[in-house]
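Q: Each chain is listed here by its residues.
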Amino acid sequence: MPDLPQHESPGQVLDVELHILDRQVLDRDDVPIGHVDNIEVDGIEPGRELDPASPPVVTNLVLNSGILPRMFGGRPPASRLHRVPWSAVRNVGTAIELGEPGASFDVTWSERWVRDHVIARIPGGRHAPE
Amino acid sequence: MKKYFAVALGILTAIGGFVDIGDLVTNAVVGSRFGMSLAWVVVVGVVGICLFAQMSGRVAAISGRATFEIIRERLGPRAGAANLGASVLITVMTLTAEVGGVALALQLASGVQPLLWIPLAAFAVWLVIWRVKFSVMENVAGLLGLALVVFGVSLFLLGPDWGDLKTQALQQTSHPRETPLTYWYYAIALFGAAMTPYEVFFFSSGGVEEKWTEEDLVTSRANVLVGFPLGGLLSLCIAGCAATVLLPRGIDVDALSQTVFPVAMGAGQLGLAVVILGVVAATFGAALETGLSAGYALAQFNGWSWGKFRRPAEAARFHLTMIICLVVAVLVLLTGVDPILVTEYSVVFSAIALPLTYLPILVVANDPQYVGEHVNGRLMNAVSTVYLALILVAAIAAIPLMILTKAGA
Amino acid sequence: MLLNDILSLPVVGPEGRLGYVADCRFAIDGSPGPLLADAQLVGLIVAGKHRHGFLGYERTSVRSPAPLAWWFERRQRGSFLVLWEDIESIDDVVRVRPGYTRWSATL
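Residue numbers (my numbering), protein chains in the order written: chain X, 1 to 130; chain P, 131 to 539; chain H, 540 to 646.
Treat the hints with caution; some may be incorrect.
Here are some of the chain P residues that sit facing chain H, going by a computed Cβ distance under 7 Å [to be verified]:
# : residue
1 : N269
2 : T309
3 : N496
4 : D497
Simulated from the structure, these hints should not be mistaken for laboratory data.
Computed from a predicted model, the values in this text were never measured in an experiment.
All C-beta atoms, glycine included, are put in the ideal place defined by N, C-alpha and C.
The whole structure should be built from the sequences, with the hints applied where relevant.
A: Next comes the structure, spelled out in structure tokens:
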């Protein structure tokens, strides 16, 4: 529709489905820690009239919270919502880069569990390949 | 000097790494049943894998994003997960076939039962994945795989009627024993053998492993554009050997020994020794690639830490995935299933799964956010759009043809 | 509130159903944070029939390969952006205020 007016926003413009959902999230050291599965915003109260002057802002990215709810609808249990606060985000590009190490987010618990209980126990697991 | 060396090494490993159990078996089967009449499919397949690898390599070098990260990002959870399921299934099937191929080749060399070789081969694959540096692994496997050039030498020594092979290649008629349906079924199998998705997962992830940048694009392009076609030529030599020796004798290929039989005829005991070395190296190398590819696909889709440039403990779930895949492959093989049969199915399934992998890469190779100024040119887009159509047709036709021909029987 | 609950909700205007929420547009232009400014909602992208899956062809800069661009453009024809101030309420449906403006959805 070329006849519609074009809206200009200051700052980087992001379409959630296009630029944020399913993007790779990297920690401070460029280590992948997960994908964005959902986004949490504040400022929307269901059913209430919305305030035109205060648009919702992103509070958290929700990472690796189960692919099934996204495929078939429904919502994962609250305990599985691995949140990363927006304040930790450093850059949004072809990947979402964070300013903190991955270990500070609970989304990496399974990585740490597999490391401590399986991989690090196999001889050579802690050494770089030669 | 060092730069030329790198290019030469890259090309050699691309040739040696091009042929895997799928190419070995499918080309020999096709040569023994259809002569050279399907040679054109190898050419079409090689052009396709060049396009595909070139695009995914470019995206990986410039954006640092490997293929399955892009599949997840562009296709979203539903189509992405469907693709992941299909890709991992096919990759593990191919891994099974490759490990089986190593065992069969070692059986040819030693006379010892493959059942004993299977766990050993799988353990060796794991050990290399666990401990050996990416570049060393790739170069050694690729260079040893070059031993397969003996197929070309044998073809010359066999002294076939070149005019006859050429007529077969140009006429594209199926052999009188075959129906047009089996002809087209094997066309798709051959296409799938040349354009296996795992090669692209491996190639693009390898680019990230070796930390390619914009400057490496020239090298990577040379490797692909020279190495893969020469690998394709090697595939044609395998088919040519089969067409010269097996077709007139009415021998059907259902074991690895028949694939290498023409080499023994053409180049004698020495040739046989070399070709067995080549088959071991090629299947072992491909087992490494498929094992890693299964890990790459799952880790990238889920956003886990991955890569051989990290210590195993820093990519724990990635390494655990590969261990599980290898265990699955061994368990499947220990049931006594024929690796050759697994191979024949895996190449057709590869053709079926291809569109969902190819489409996102084609789209992203046009997206300046990912590749900056290095977006596809007009010619590249024209050719890759034709290939998109081709890949779709092959994928849609594969299952009906598989049912109608009873899998090419 | 989780945004996936909003994506693909039906959108209703004063004159009836307008379509579905295809995407949410944000801009990083809110109050400054430690690393980036807050990401504020600009508005919702409303699409007619197809709710998602444009593979990135929403953007004007990507026009190739031509057959794909043509196909996805056709699919998203009729989609538009509704700004936040034109949205009245969000529950099971998104209600748009009377006198709202349709903005171009392209980036």
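Q: Now tell me if each hint is right for this structure.
A: Structure-based check of all given hints:
1. Among the interface hints, the one on N269(P) is violated; its C-beta lies about 35 Å from the nearest C-beta in chain H, farther than the 7 Å criterion.
2. Because the smallest distance between the Cβ of T309(P) and any Cβ of chain H comes to about 34 Å, over 7 Å, the interface hint for this residue is violated.
3. At about 5 Å, the closest approach between the beta carbon of N496(P) and any beta carbon in chain H falls short of 7 Å, and the interface hint on this residue holds.
4. Taking 7 Å as the C-beta cut-off, the interface hint given for D497(P) holds, the closest approach to chain H being about 6 Å.
Of the numbered hints given earlier, the model fails hints 1 and 2; all others are met.
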